Amino acid sequence: MADETSTQVTGELTITLNGTQVDARKGELLIAAAERHGVYIPHFCYHPRMRPVGMCRMCIVEVDTGRGPTLQPSCMLECAEGMVVDTESDVTSKAQDGILEFLLINHPLDCPVCDKGGECPLQDQTMAYGPGESRFVESKRHHEKPIPISDLVLLDRERCILCDRCTRFAKEVAGDPLIHFINRGNHTEVNTFPDEPFASYFSGNTVQICPVGALTATPYRFKARPWDLEQVESTCQTCSVGCRVAVQSSRNEVLRYVGVDSDPVNWGWLCDKGRFAFESVNGDERLGEPLVRTGGELRPARWSEAIASAAEVLQSTLTAHGPEAIGVIGGARLTNEAAYAWAKLAKGVLGTDNVDAQLGDGLPAEVVLGLPSATIDEVCAPGGTVIVLGPDTKEELPVLFLRLRHAVLNDGVRLIEIAPTATGLSAIATASLIHHPGETAEVARALVGQPGLGTDAGGVNSAALEVARAAIAAGGPVRVVLGRASVAESVSWTVEAASILSSIPDTSFLMALRRGNVRGAIDLGLSPGLLPGRVTLDGGRANLSGLWPTVPATPGMDTTAMLTAAAEGHLRTLVLVGADPLADFPDRDLARRALAGVETIIATDTYLTGSSSLAGVVLPAAGFAEVSGTTTNLEGRVSVLSQRVTPPGTARSDWAIASDLARALGVDLGFASVEDILTEISSAAPSHAGLADALASSSDTDGVVVPLSGPTPADALLSFTVPTSDALLPRHSYSLRLVVGRKLYDEGTAVHHSPAMTNLPVGGALRLNRYDFDRLGVAEGDLVRVIAPALTIEAPVVVDPAVPRGSAGAWFNQDGLCAADLIDITAPLTVLQVESLNGQGAGS
Amino acid sequence: MTVSDVAPIITSRFANPDAHTLSGYRATGGYQALAKALSMSPEAVANEVKEASLLGRGGAGFPAGVKWGFCPPGVWPRYLVVNGDESEPGTYKDRMLMERDPHQLIEGVLLACYAVGCGQAFLYVRGEMALAQERIAAALNEAYAAGLVGRNIMGSDFSVDVILHWGAGAYIVGEETALIESLEGERGMPRLKPPFFPAAKGLYMQPTIVNNVETLSNVPWIVNNGAAAYNELGAEASRGTRMFAVSGHVKNPGVFEVEFGTTTFRDIIFDPRYAGGILGDRAVKAFIPGGASAPWFFEEHLDLPLEKGTVDRAGSMLGSGAIVVMDETTDVVRACLSLVRFFAHESCGKCTPCREGTTWLERILTRIISGQGRPTDLDLLLDVSDNISPGIAWPPKQTTICPLGPSAVSPISSALTRFRGEFEALIDDAVAARTAVTPVEITVGSHG
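Keeping their order, the protein sequence lines are chains A and C. Each residue of the first sequence is one higher than the last, beginning at 0 in numbering that gives the first Met the number 0. Each residue of the second sequence is one higher than the last, beginning at 0 in numbering that gives the first Met the number 0.
The shape of chain C in the complex, shown without the other chains (with noise of 0.2 angstroms):
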């Protein structure tokens, strides 16, 4: 195992008690970037940003400083949208980035604002995390009173207002046009793109930047240490360090800061200082590699690394980094149900494949499992999967508005490319026990 020994960069302050103080951010070198920053050009900022093949965190893996420039030059207001509506089952790193060091999220937010040029930074906190939202309307209080947000910011004329907005439980709201529509006051649905984008036309159809947390926190170290620092850290365009949520049977559970590009997903799953290997020492029978979404993994995919563009060519993503193991017990037709339901529980019914599709995949999986199978429905499964991502293909096509529906399809073309056979040994015993009974011999009679 080739585990490197690089610092953290987001997580550094995750050990300090105080860390999500003020004055605990600061007694850590906490603000000095943004300092930094606000005696340098915005455009300087955000070419360092650029410079830094910073990928975003949230699932797509868009670099950040490429995002910052799509804005429609001369078009304002503009806003800074900051996606904290971390849902996607076996993710749970922006979470603790607010938790535990809410104020280099802060600290992140004003660079980017800076960078960009927005004056309104709306920062989307999912609904269920209470201490999160604690924490960060604590810290922006303390960031207010300390004149690091508002008016006027370290005396300089830079103005920069943080909206918090907390989520009412919609795992779609993390979809960026989704959670344009909720901070409007609308349902939480996603919004058709093209015609719009959200870097011409967003929050209120103006120019708008959606990041994720972890994308931003990870700026003002950027931006203290510069991108070529960064850059030595990683491979291919997976630079820097990044944030792995380990979940399923693993002896060590959580998340985990690693060197971006070069960490290979055996090296995280399995080093002691990681998720420890599998729970019983058992087989590793399949892994998601990056959130519920993601098509998955199996053992002789274990040696890849952590790195974007090799993820992607060999079949998935590396998403929200959430990597859920499956040893060798699991029962995948239960697994695949148990992810399925919950795209079908989340889909927010706004388009009609995904509403009627992700709930009819869900009740067909039910119905097999429950010995109700038919020898049709494998067939049929993948079917109404083609139906709403024709091809089922990776990258998905899809019919639907938004990637949710073909989500839904990642796990059933995953388990039953690999584990058809245990699909149909569900049926055929269903088959089976169905032949098996007599039928009873009915009697149509007249009413008296």
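Isolated chain A, as found in the complex (with noise of 0.2 angstroms):
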């Protein structure tokens, strides 16, 4: 079938367009050409995101073919050479005028009480094309109105047009078909299964492109009406993916994100955490005023209190014990300018470089910065194989997940998974290769092996090797999207696949990270060993002479070592810029020990997290649509940010607290302005060269993707070496290797401080195979004993088809099972024992 919503178009034709000549594509559909040449064709059910389906009839209009004018719904016609197209003849008026008194005759017209009012297509059309007055004399349809169809969607099928835009969008693009049409005719209604709700984490679209008020979200109803919202462009930081979005907001506070169609990266497409989490920038707990300890007890302060007692313990720390005395973990959440910033304050000024972006969840910064990169659009480019070796894309990088999908059903991608659970790609894979947790190198060996070797490897069976090798072999550009599938296992297995991969001729990576901004952190040399614009100390060091006092000598270290040496004392103030590490980090036991060995803590932050409460002082940041500046995606584009709200209380930028901590240490950083900023990152950092003229004179939102210069060249990559793993332990009958990814919905602060989302974690429980289940002779929802390293616990049991047998499966940052419990990210890999409390069980 051809794809209609691929925007690949070729050869030119020429058509009439009420009465003018026009250029067209071929496969270009008529509704789309008349929009691109300023004629806009009303119309309902058209997206252009979405394969058109033709079925409201409101774009219907006169074309003629050759054999005499008829009407045609445009958006399911494609140009052809000579057509003559009247969009504002006497039949076509008179065919539209028709559909939309055909539409409103069942519409309620309760516009004063629908949030869709004001930006309604229908109530728009109405006013453009529709009649004066009613001919329909007889009482509208009814239904019982609203009705939740999720926690977060609520449906009023009086208002639905039937357009079928919320059902395909379920279905073709989120590939959750969990809302359908049902009955038929006049009483057709959109209507989710009985007792199953419309759970997609995609949800929000489709009360996005909802063409009336049938498809209300929960945290936006009734809050305003659209004349009165001001809205900005930005990017959202709820993960990397860094969709675009529309901050909405009235009288100061943020009330709605709008998804916006920004073509190499979201297609309008946003996941429900980014579209809802703007709850959490209006949270009542919202950090307003700096705190520092007293008598015990965190306090208010002044900001000169507080900035004063920051750097006072940042001074004495480094008289008594020198900079490398002194951590910083974090960054991931700031704006670049900011990043940089921090950067230039504990490199450049305090002179540690025990810096580190990345929670000890990630990837080496090297090997970030070592492999060649693809953006999203080259991964989903037709005709190639993408690898996915990471996290489940539809869980940590949700939209991601959805160009994934879109590529591979629609454009011939073939996709391989890599991964030791089953994930949300796994049904429309071509090869799904479900291995043991540890083994990931062996299946990335046995992948670029020679075809036809008959073994199995890392558990995975041979024939299925054979069906990936032979989607690498069909051609095409190889696309890695690299990232971390399990935090229970060391990164060095991830990071000898990732090389055994990049051996396959015309392969680059896309780096799958955790969040919003780690990518700018990284670049901007918040990673130890780094300085910014992807270089190391001594790459870098020349640089920033003149603009930084110090440069590191040599390398810190990063955030698991940081943790284990506070935890041995050797670390004596520990910086956390908007970190979180006991609900972050992989091994709670070693944060908690490190955060309990340091003296100080200094915390930025927007709420008061676990880990923040113990600080000595706490520094109130602005946050999200509080802030401008830019923000990195994970392809490496770069991105504008807006401000649309003022931050609570005195709560400050990201950037302006570390200038005025740098102050209070006596040194200038140099910056009065983001713009500042912008600008010296444009000169200090190589791969950022030219950022801002390139910003300032684009055309578009995109962003732009850095070094502007292109791919950076093979040569000029950093090197990184590949760790060599520990050996690991045999696989013992009553063992289960953990592996532990997330969930969308965590306890995180996005969804911990948006009321709305606040019900949607699903809860920690250790989850198995069925057939674990009857070997450990346990039941579902059951309680038993989970023995893990460092502790042992009771924790229910659950059946997931999607965990291999052999391992065992713990979400992280649940509430209930918390994974980080069970980790000891000494081991390379956390191996549990389970058992069944009433004695019968593993080792029985």
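Careful, some of the hints might be misleading.
In the BS3-like style, the derived pairs of lysine-lysine whose C-alpha atoms are separated by at most 25 angstroms in a straight line are [unchecked claim]:
| id | chain 1 | residue 1 | chain 2 | residue 2 |
| --- | --- | --- | --- | --- |
| 1 | A | K25 | C | K35 |
| 2 | A | K93 | A | K139 |
| 3 | C | K396 | C | K200 |
| 4 | A | K93 | C | K396 |
| 5 | C | K35 | C | K49 |
| 6 | A | K170 | C | K200 |
| 7 | C | K396 | C | K192 |
| 8 | A | K144 | A | K25 |
| 9 | C | K200 | A | K25 |
| 10 | C | K192 | A | K93 |
| 11 | C | K49 | C | K200 |
| 12 | A | K170 | C | K192 |
Residues from chain A that keep clear of chain C, each with C-beta distances beyond 12 angstroms, as calculated [claimed, not checked]:
| id | residue |
| --- | --- |
| 13 | R140 |
| 14 | T429 |
| 15 | G648 |
| 16 | R769 |
Rough simulated footprint, nothing fancy, chain A against chain C, three-plus residues with beta-carbon under 8 angstroms [to be verified]:
| id | segment |
| --- | --- |
| 17 | 33-46 |
| 18 | 258-266 |
| 19 | 396-410 |
Simulated from the structure, these hints should not be mistaken for laboratory data. Every value quoted in this text rests on a predicted model; they were computed, and no experiment measured them. Here a beta-carbon is modelled for each residue, glycine too, at the ideal position from N, C-alpha and C.
Using the supplied hints, reconstruct the complex from the two chains, each of which is provided in its own coordinate frame.
Now the structure itself:
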């Protein structure tokens, strides 16, 4: 079937549009061609990112293809040479007026109490094309209104015009066909299946694309009228995909995010977490004033007092123990400008290289910067092969999941996943290589090996490997989506696997890293051993002379090493820049000991977290929608973030906090504005050369991928060593290898402080294959004894067919069983034993 | 009256009580056409059918042999879909063929598969036809057991599987693309044509030939007797014989196989061998010549032959071969409502004008009949009709996806054109009744 949603159009032809000859592309839909030439054809069901269905009939226009004019739906009709189109003829107008009247006869016209009023396509088109009064004197169709179809979305079937947008989105785009037409004819309605809510991670998109007020989202209902909203365009920082959004507010309160169609990134889609996390911007518990610990208690303080207090701690640590005794963790929540300011403060002023924006759950920065990079468009380009070796994109990078799904289903991309559990992509993967935890590299080795080896690898059978090898051999480029599938195992296997895959010709990588601006933080030096501009300390030192007072001499520690050193008493002062190691570091016991082991913690954050509540000084930071600047997504795409509202209380932007701290330490960072910093980044960071000008002169808001000069040549990529992995213990018949990934909804700040989402985390349970249930003698929902290296706890077990035999799944950062309690980061792989509490079970 | 006495082609076994069994079918020449075809090339079989001017019997009347040639060459697999979802009101010929002579249909299916090159045929039987389903399934089992269906049919290298599928009660599934959607497990909603016609992209987006039950039931006879013999019957493009179901105010309603193209409406309605005349020997007020979707005919059309082109030119169609007779006592407004209500009930709901428009038409008619008519209602009926079927012409134009919506317009335009006075009388009475009532004086007071 022709791919109507593909943007691939070739060839040129000429059509006559309302008497004027215009160009059109082969395969281009008439409605799109007309719009391109400034002729708007009214429509409801047509959406440029979905397959046209021609159902609403609003876009019918008179078209003559040589056999006389006939009414044709312009959303279904591809342009053909010589086609004569009249969108304004009497016949066209009469038909369109008639359709509009049909749509209105059962529409409740409750516009005054409808959230869509003011931005409603039906309302707008009625104004533009519709009749002045109704000829329909009968009673309208009635339904109970509205009904919840999920925790986030309500459905008013009276308003619905049955355009199939939401249902099409759910089925075609999201792959969650949980809403559907039911009944027939005039009784047709959209609804869920009985007792099956529309529990899709992407449900908010249906609200956005609904052409009437039939679908509304609980967080926005009755909050504002569209004409009262002010908006700016920005980039979502909930995850590292970097979807473009419009941030809308009224009376200095963020009320809604709306997806913006950025062609290289999100195509207008957002995930529900990103869309509804705006609630956490407005949270009641936002930090609005600095806190300083006095008499064992955190008490409100003036900024001057708090900054002086923090500077004094830093200065005394420097004086007494040198810069190596200071560690800085975090920075992935910041703007690029703030990240640069903090890098300059930490490395250039304090002189410590113990700086890491990642929390032991990412990839070494040298690896991120040491492999050739691919953009999302390159990954999804028709005809290639994508290897996903990383987290479940549906859970962690949801809109990337949508792009990958589209590429596989519509553009013939072959997808191979290498993962320890089945994922959201498994069902559409060409080959889903579900392997034993810790044996990732074995699978990669087998994949690049000679065809026909006929042996299994890492628990993946040879037949599946054969299919995967054939997919790669089918030609086209190979793009790897690389990240951490599980934080319960050493990163070394992932690095080794990546290194092996990089030997395939024409291979490049998209880094599936956690947290919004992690890529910007890495690029701008918030990683041990690196300086701004994707360079090492030695490689970048010269760039910074004259700009930075100092540059660390030797590479410092990453987060794991810092926390280990802190626990052992070697790190005196820890600065947490929007980081919460107690919640986010894979080994909670180590995080706990580390925070207890340092003398002082200085934290900047938007909320008081488990970690920042242990701090001596807490500095309230301005968050998303409260700061302007730029951010970098997982591709290395830099786009503009915009401020829409003012931060709570006296909270300040992170770059200003860094600047104040530096000043208190006697150094002027040299910035008076975000623009100053961007200018300095453009000159100090080699990879970002020319960035400020490029952003300023860009004709669209998609942002620019750095470096602007094109992909970094192979010889300029950082070098990294493949760590030698510890030997794995042999698989033990009573042991289970732990796999820890994240769910979209967890106990993190965005969800926890967004009332609409607080009920959505699934909660913690140990997830096992049904086979292991029988083997262990336990039943679904049982409490079992979980024996981890560091502790033994009781936890419920549930069946999860996604988890293979011999593995145990646990979600990160959930209430109940928290995976971080089980993980021992010093072990290459966390191995558990599970025992039934009634005495039967493993080992008995 | 000039009724030709031709031997029946497709109902020849209807009188035999065991015609539905394999032995009964074989005893009367069954599967000889298949054996004959297997000794011919597929092209020769296809050519014979093409020569025979076998017009499709489902409604549109497109020549089956020509349709078979529409599969794009070299694209495999291709499928045959048999449309046994006969649902047009007044039509019950396919049901008879499936109940009484299922092997004849199966043989026709096999011949079509052989000619077109299909390895799989899907036989879609209307959900309500329990006996037809039972007979078809039993016959298919017998045919499989006898090596007539399945692998290596009759020892040849020709193999076909026939898959049975029961409908779930939707009229619209008789429309070929809705039927294909239904077969694929989707809701029975039509696909828009263009871009894709089933012959090029149909079931599972593969080339698909959709043929009616009666159409395929003709094929064994054609293969046995040749196109020339077939073309000796009938007139113009309408060759062979055709089954017509006559219902309504006639003495002997039923389904009759008559020579196509030469028999007239008067013949089939009045001849004692067929419908036998009007009940109580009353006069004909109107009749529907080809199923509920067809514009009505009247007294002056009785002598038209049952010939596709002639009927088309007269402004209606033979459609599915259902003739519904209304005598002079018929209340045309109620008759009109009855038909419109059917289409409103059966609208699939996919496209706006049909989903909303047919129900609106039904409600206006209901209002007129229930004494709530307004003088503007007749123009409203026509304008709503015009918004479903611009111009209210024949053949109809449409703002809809499929012809169901315009079908609801046919009875309205027919009745309103011919019998506008009857509508106006109802409305005048209603207006008179309303104005005769003395308005009650309403006092507006405050609640204590």
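Name the hints, by number, that the structure is in violation of. 1, 8, 13, 17, 18
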